[in-house]
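2 protein chains.
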Amino acid sequence: MTETPSPAFVFDLDGTLLDSVYQHVLAWQRAFAEIDIDLAVWRIHRRIGMSGALLAPRVARESGHELTADERDTVEQLHGEYYRESLEWVRPLPGARDLLVGLREAGVPWVIATSGKRSEAEAHIGKLELPGDPEFVCSEDVTHAKPHPQVFLTAAARLGVDPSQCIVVGDAIWDLLAGQRAGMLSVGLVCGGYSREELERAHAFRVYLDPADLHASLDELGVTL
Amino acid sequence: MTETPSPAFVFDLDGTLLDSVYQHVLAWQRAFAEIDIDLAVWRIHRRIGMSGALLAPRVARESGHELTADERDTVEQLHGEYYRESLEWVRPLPGARDLLVGLREAGVPWVIATSGKRSEAEAHIGKLELPGDPEFVCSEDVTHAKPHPQVFLTAAARLGVDPSQCIVVGDAIWDLLAGQRAGMLSVGLVCGGYSREELERAHAFRVYLDPADLHASLDELGVTL
Numbered sequence: 000m001t002e003t004p005s006p007a008f009v010f011d012l013d014g015t016l017l018d019s020v021y022q023h024v025l026a027w028q029r030a031f032a033e034i035d036i037d038l039a040v041w042r043i044h045r046r047i048g049m050s051g052a053l054l055a056p057r058v059a060r061e062s063g064h065e066l067t068a069d070e071r072d073t074v075e076q077l078h079g080e081y082y083r084e085s086l087e088w089v090r091p092l093p094g095a096r097d098l099l100v101g102l103r104e105a106g107v108p109w110v111i112a113t114s115g116k117r118s119e120a121e122a123h124i125g126k127l128e129l130p131g132d133p134e135f136v137c138s139e140d141v142t143h144a145k146p147h148p149q150v151f152l153t154a155a156a157r158l159g160v161d162p163s164q165c166i167v168v169g170d171a172i173w174d175l176l177a178g179q180r181a182g183m184l185s186v187g188l189v190c191g192g193y194s195r196e197e198l199e200r201a202h203a204f205r206v207y208l209d210p211a212d213l214h215a216s217l218d219e220l221g222v223t224l
Numbered sequence: 000m001t002e003t004p005s006p007a008f009v010f011d012l013d014g015t016l017l018d019s020v021y022q023h024v025l026a027w028q029r030a031f032a033e034i035d036i037d038l039a040v041w042r043i044h045r046r047i048g049m050s051g052a053l054l055a056p057r058v059a060r061e062s063g064h065e066l067t068a069d070e071r072d073t074v075e076q077l078h079g080e081y082y083r084e085s086l087e088w089v090r091p092l093p094g095a096r097d098l099l100v101g102l103r104e105a106g107v108p109w110v111i112a113t114s115g116k117r118s119e120a121e122a123h124i125g126k127l128e129l130p131g132d133p134e135f136v137c138s139e140d141v142t143h144a145k146p147h148p149q150v151f152l153t154a155a156a157r158l159g160v161d162p163s164q165c166i167v168v169g170d171a172i173w174d175l176l177a178g179q180r181a182g183m184l185s186v187g188l189v190c191g192g193y194s195r196e197e198l199e200r201a202h203a204f205r206v207y208l209d210p211a212d213l214h215a216s217l218d219e220l221g222v223t224l
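Here the protein sequences come in this chain order: H and G. Read in order, the letters of the first sequence correspond to residues 0 to 224 in numbering that gives the first Met the number 0. Read in order, the letters of the second sequence correspond to residues 0 to 224 in numbering that gives the first Met the number 0.
Looking at chain H on its own, in the form it has when it is part of the complex (with noise of 0.2 Å):
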């Protein structure tokens, strides 16, 4: 029989684990509205997924307005701040702790790699109440932030597994994207906001509505738990 390689998972975090996309995006909004900048809101959403270095000169430009170095600075702090006084509200995405918890205890390795910054991550990765502490990747481990594949990269050499055994699991297209740079085959969640068809069209091996849809059908993706 050939030996056939194990798969391991690079998952996402924001609109992947974790229900926080739409405090991130009011937090842009609000961000922006300081600086006298109004934006139209789904503009930001569908910018969600990269870091906020890239978001935000990007949606400013495509409203008309380029940001000084200045303003970047402030709208990136801005953001943080207001999307703290919402952290209250962001949950864990369904069937997350059981879809990690499971792979974990079958032997299934993964890691986080996420565009945020590391206090970020640790308060979300916090939030889905996993033991031990978890694996991940964040924005201070890497110079280039997605769809730039750095991050995965990064992730797949944390867990010591060749990138063509890898599956990207993120909400954004931004993540498949970078998957798909990586060599790492890409799955969808439409849990982050964005649609079945936005996904299968940034190349999508297979698009799923969130964690436990996922977890309930890691079997089509030769997994077995």
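These are calculated hints, taken from the structure and not from any lab test.
You can't tell identical chains apart in this list, so a pair holds if it fits in one copy or across any two.
Under the rule of at most 25 Å between Cα atoms (straight-line distance), these lysine to any residue pairs were calculated in the SDA-like manner: (1) 126 / 208; (2) 126 / 32; (3) 116 / 127; (4) 126 / 81; (5) 126 / 37; (6) 126 / 36; (7) 126 / 34; (8) 126 / 61.
Once you've looked at the hints, dock chain G against the given chain H.
Same frame as chain H, now just chain G:
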């Protein structure tokens, strides 16, 4: 020459003229959390555009909760309170005012048709800073909310225009389904957070980004200003 009837527009309000969808979504999440029901936020987003009386039990049921009549009343009332708290962040969508004023000046009739309550509709329409008191139909004017066609048929009657000459403009698939049921063509706008594909699959005649994009594309609909 054959005389061609003039078209008339029936505009949805939340997510179509006003950038209020994301604030509504998080107000519902907080309202449900208050009665100890944690809901995934994207599921609420995908029901926005239905009236609260339809949305609340439906979203709860999707997450395994059957609301009592008391719970439904409580959650609707809390949603209203939390939404009003965030009203200061609600802005007109790009081009909304110019579109409505431009149509009015060109003699193209239009009316606003919302599932929202009269008080909320008035506060929203105030933000558009339109000249005069624009005609609108709201939840108090009908017994059935979208996707039932009653609100759009009432709007057409208000204009004295045959439904077949009305074009619905909405951001939610519920607007487009109600438009189809009312015998009207429907235009979808992605500025409420639904994707182009979701709107097209709900029978959108055409899809545009936001009111400004629709304004620039009116000739595609056979409307010349």
